[in-house]
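Novice: One line per chain: the protein sequences are U and V, in this order. Each residue of the first sequence is one higher than the last, beginning at 1 in this note's numbering. Each residue of the second sequence is one higher than the last, beginning at 1001 in this note's numbering.
Simulated from the structure, these hints should not be mistaken for lab results. Every value quoted in this text rests on a predicted model; they were computed, and no experiment measured them. Ideal Cβ placement from N, Cα and C applies to all residues, glycine included. Each hint should be verified, as a subset may be incorrect.
Stated by the list, open to error - Quick look at which bits of chain U chain V covers, simulated, 3 or more residues with Cβ under 8 Å:
id: 1; segment: 25-34
id: 2; segment: 72-82
id: 3; segment: 96-110
id: 4; segment: 153-164
id: 5; segment: 276-288
id: 6; segment: 388-397
Listed here are the chains, written in short residue letters.
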Amino acid sequence: MSSQHQLRFGVFFQGVNSSTVWRSEASGSQTDFASFRQIAQTAERGLFSAFFLGEGLRLREHLGGIHDLDVAGRPDAQTMLAALAAVTSKIGLVATQNTTYNDPADLARRLSSLDLISEGRAAWNIVTTHNAWTGANFRRGGYLEHHERYSHAEDFVRTVRQIWDGAPVHHRGNHYNVDYTGTVPASAQHRPVLFQAGDSAEGRDFAARQTDVIFSAHVGLEDALEFRKDINARAAKVGRAQNSVKIMPGAEFIVAETPAAAEEKYRWVREHQIGPQQALAYLEQFWGTRLENVDPYGPLPEFDPVVEQSSVTRGSGFQGAKSLELAAAWRAEASQKGQNIIEFVRSRSHRADHTFTGSYDQIADRLAQYAELGAVDGFNITPWLIPTGLDDIVNHLVPRLQERGIYPESYAGTLRENLGLSIDENHEQRALKPALVEQEVS
Amino acid sequence: MSERSVLLALNLDGAGNDHQTTAYQALRAESAGFHAVSFSSDGLLDAVQRASYAAAQTHHIGVLPVIDALFTEPFHTATQLASLDIISQGRAGWILETRNDSVQAQAVGRTVLGEEQLSNEAADVVTTHRRLWDSWEDDAVIRDVATGRYLDANQLHYVDVEGNNFSVKGPAITPRPPQGQLPIIAPAQLFSESGLQHCRLNGADVVKINTASLQTLLAQATASSTSGAVAIELDVYLDTAGQSGAQHAAEVGIQSSDRAIFAGSAEALINFLKDFAEATANPADQRRHLVHLYPGDLGIDGAVLIDEVLPQLKSSNVLAPISATLRESFALPVAQNRFQEAS
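Turn these sequences into a full structure, and let the hints guide you.
Specialist: This is the structure we're talking about:
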């Protein structure tokens, strides 16, 4: 059987997160080139469309000190991807890069460079931040207000795209000016592919206007369908065709030969991801204080969070959380489910609907539903083990997806082609016109 | 007699934007016995990326990107260079330049610096790199299952650089590079009291001398070599069967670079390098010096260097041994971690 709609895989080598198991004998280096090479080459053997690297421009902190419980310390994304371009030949190479703490001319030049070195395989995962905490590592410092971050990002992306289009750029912005003419020629895919992951209404509109692929957080089937509908509606408003913005949710796969073996593996992974210290640290972010005297095998703390504070230092997901309300709700939830702290955090921090757990056949069947309904264009897989975490997926799941006609049998060409993206010249032109952009951009 | 004190680097800009030729030439240079290959960014693909691409395909040759210190972000360049060192397993170095021109400045929304500011700014930038590279101690990744700690926070350090024009908090987002500190090669003009005062591990490691005349170059290098490692740069046009080096140089015309031009036979170049080795040798401290060659044409002059010059030099007593890391090839001392010493 063959289906019109095929799924594609990407792999997200996160490098800084709580989902990578580091306590196992099988856990390899998070830094050595060999680990990156092995994951990228395994992914390429499995015909993955893309290899992703993340970026965080300040080492994470927790309650005023360096956060020491998770993997951390990753090499520079584009420097690593340039090296991987030498040891792979088909897979896309995606660099997460920040619009607040880069310069458009420099970033445009480096991304073009990566695109040529990789022969049309480069992509940019656009992220934006505004906090002064990250800015403390950069010349400009924390110059951006929260409400400006998307308008600034869009301004930035538009400038980069103008540079890629080859014309002299004289950009006058709120925060700095850019006078620059690109010197690097275009690659076989015209320009690097643009990814973006923002999920707010603003982020979605930004993606609908500017990006090729959304690295979404909507994994569950219903959720994914709804997200697809929403993005299509937003894209239609700016004149883009249905499904022209590709959607690849981030997901975790825990797969094995049998359902029972997969369940067993699932328990092992969760135990190794979240230990007692990680569970307490997770709560400490919301309680705003050390919980060193709290038993991780006991119930959630009875006392309330000390301050109703949010933290920018562990990532944007925690901002604006109302700690008192959360604490009350969580206590009730944990107590109702009979969960102790560690069980609660394990269930909480790795949401079940972000994880595909099952036998190879079960998961292949589930993914066939996604393909049939056109819910997503693929998945961006975060391996929970480095550097062997893709082996099962490539060796056992991919062939089953191919049998079902929902996964490519070969690479098509450039990353743009592998993702099924076209170069829509009209959109390219429109995207450069400020008139179509709702926000203040200059 | 010279004491195996010279390192040779070959510039690969002649491969242009062709990454496959770049990698091929890097492999040729490695086989021939060059200590390093270099990459600048003049209208070409990113220097760090070309170095990284070449590093992934070579095994013991050094990789030297030329990177501007003025209109770049020190936090980014420190991360990139550390990453290049990780990828090359300790073969990376930095040829620092200060491109104080308005095109560079306006590309990033800034203005050119006053001439008197250059060495201070370079010093702030180098200090930032040095401190970021030390901000993770070598054993900061502990993977301690009993306490649940992947990192030992006591082995991570804020760098707290307060420069004249910027500040950087740290720590780095990338672990300490394999060499600890990458060798930094910087122009002699920056080595003022307040600038990159020649003090290994704080300032730059190698003083780069540029002057148009070969004789002046040799004299200045000799004088400078008494206080530390030096680097000289030459545009090289060598005699070939069809054309003399001088004719080739004349055809190419006026050079935009401020480098000295060497035009002549392979023999004459070998003799010049022997003279340089002899004049700068300092057997007492095993100091090594770099000769950085920019072939007029990578295909023509690069081939003569690889086929004729290197084999003869290797059989003489001029070339330094090639070590596992670039620091070791330069015979630079082990880079002690400044934060570790303080604790």
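Novice: Which earlier hints turn out false for this structure, listed by number in ascending order?
Specialist: 4, 6
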